[in-house]
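So the sequence lines, in the order shown, correspond to chains A and B. In this text, residue positions in the first sequence follow this note's numbering: the first is 56, and each later residue adds one. In this text, residue positions in the second sequence follow this note's numbering: the first is 43, and each later residue adds one.
Simulated from the structure, these hints should not be mistaken for lab results. Honestly, I wouldn't trust all of these hints.
[Stated by the list, open to error] Below, simulated SDA-like cross-link-like pairs (lysine to any residue); rule was C-alpha separation at most 25 Å, straight line: (1) 144(A) to 83(B); (2) 144(A) to 154(A); (3) 144(A) to 50(B); (4) 97(A) to 118(A); (5) 122(B) to 137(A); (6) 122(B) to 72(B); (7) 164(A) to 69(B); (8) 144(A) to 123(B); (9) 144(A) to 131(B); (10) 97(A) to 120(B); (11) 122(B) to 133(A); (12) 97(A) to 123(A); (13) 144(A) to 71(B); (14) 122(B) to 67(B); (15) 97(A) to 115(B); (16) 144(A) to 124(B); (17) 152(A) to 165(A); (18) 144(A) to 75(B); (19) 97(A) to 83(B); (20) 144(A) to 81(A); (21) 144(A) to 69(B); (22) 97(A) to 72(B); (23) 152(A) to 79(B); (24) 144(A) to 67(B); (25) 152(A) to 140(A); (26) 152(A) to 66(B); (27) 97(A) to 64(B); (28) 122(B) to 108(B); (29) 152(A) to 126(B); (30) 144(A) to 66(A); (31) 97(A) to 87(A); (32) 97(A) to 66(A); (33) 97(A) to 131(B).
[Unchecked claim] To spell it out: a stretch of chain B is covered by chain A in this simulated footprint if at least three of its residues, at any positions, have a beta carbon under 8 Å from a beta carbon of chain A; those stretches are: (34) 49–59; (35) 64–76; (36) 84–91; (37) 97–109; (38) 117–128.
Predicted model, so just to flag it, every value in this text is computed and none were measured. Where a beta carbon is used, it is the ideal one built from N, C-alpha and C, also for glycine.
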Amino acid sequence: MHNWMEWAVAFFLFLGGSFVLIGSIGLSRMPDFFMRLHGPTKATTLGMGGILLGSIFYFSLQQSISVHELLITIFLLITAPISAHMLIKTALHHQLKAIDRTRGERELKQGQQEGSPNIKKAMPENKRSKGS
Amino acid sequence: MLENVIFLVFGMISLALLLNLWRLLIGPSLPDRILALDTMFINSIALIILYGLLMGSPLYFEAALLIAMLGFVSTVAVCKFLLRGDIIE
Chain A
56 MHNWMEWAVA FFLFLGGSFV LIGSIGLSRM PDFFMRLHGP TKATTLGMGG
106 ILLGSIFYFS LQQSISVHEL LITIFLLITA PISAHMLIKT ALHHQLKAID
156 RTRGERELKQ GQQEGSPNIK KAMPENKRSK GS
Chain B
43 MLENVIFLVF GMISLALLLN LWRLLIGPSL PDRILALDTM FINSIALIIL
93 YGLLMGSPLY FEAALLIAML GFVSTVAVCK FLLRGDIIE
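Bound-form chain A, shown alone:
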């Protein structure tokens, strides 16, 4: 294993680790849920991409080409927005409080005052047509 390969793997690992740490700091320090959702969905996913890229480099240079980690990367990149979407729908349904600095907070309050949370505007009628 050459020197520059080791440097490249170390660089990707460090980049990924710092993004994961930044995402978790955002999760624990932000003031309200709608801001808190930003950290784990964006920074942590990018950090996982960095760590998995470092792992791909390491195993591809050591043995043969290995693309196992690509599977995990693609899976995480697909599922992170879906789980964020489900979480924000849950937060709108529970009518969580937002502080004044949160962007889009006025629309949120309007939606809550009308008695119907925004979630009903987002998916209008297909809820009833499916039947339960």
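Place chain B on chain A using the hints.
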């Protein structure tokens, strides 16, 4: 040198896991706790992959893939339960 960097990244991800645990304990609402658990799943995947790098064996990816699938399915299931009161209608 790579080993030192791996241990440094181990420390960073462990710190991230502790911050998530703090949010999980004090989280004021239920979606906060679900979000903290989801992030803990993702960080444990990173920890397992780093351990595989340290050991130099490619056998740990199956475990990481399994944990990724379990984390996604459990997050979506709990969110669905909180939204509709039922998971599979």
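Pair hint outcome, residue 122(B) versus residue 108(B) [Cα-Cα no greater than 25 Å]: holds (21 Å)
Proximity test - 8 Å, beta-carbon atoms, the segment 64–76 of chain B to chain A, at least three hits: Holds, because 7 residues of the segment 64–76 of chain B bring their Cβ atoms closer than 8 Å to Cβ atoms of chain A.
Pair hint residue 152(A) and residue 165(A), alpha-carbon separation not exceeding 25 Å: holds (13 Å)
Hinted pair residue 144(A) and residue 83(B), Cα distance within 25 Å: holds (21 Å)
Hinted pair residue 144(A) and residue 131(B), Cα distance within 25 Å: holds (18 Å)
25 Å limit on alpha-carbon distance, applied to hinted pair residue 144(A) and residue 50(B): violated (37 Å)
Given pair status - residue 75(B), residue 144(A), alpha carbons within 25 Å: holds (15 Å)
Outcome, coverage hint (the segment 49–59 of chain B, chain A; C-beta under 8 Å; three residues): holds (count 7)
25 Å Cα cutoff - pair residue 152(A), residue 140(A): With Cα atoms ~18 Å apart, residue 152(A) and residue 140(A) stay inside 25 Å; holds.
Whether chain A covers the segment 84–91 of chain B (at least 3 residues having a Cβ closer than 8 Å to its Cβ atoms): holds (count 5)
Hinted pair residue 144(A) and residue 124(B), Cα distance within 25 Å: It holds: about 10 Å lies between the C-alpha atoms, which stays within 25 Å.
Given hint residue 79(B) paired with residue 152(A) - CA-CA distance at most 25 Å: OK: residue 152(A) and residue 79(B) at ~21 Å, within 25 Å.
Going through the hint list in order, the structure does not satisfy hints 3, 4, 30 and 33.
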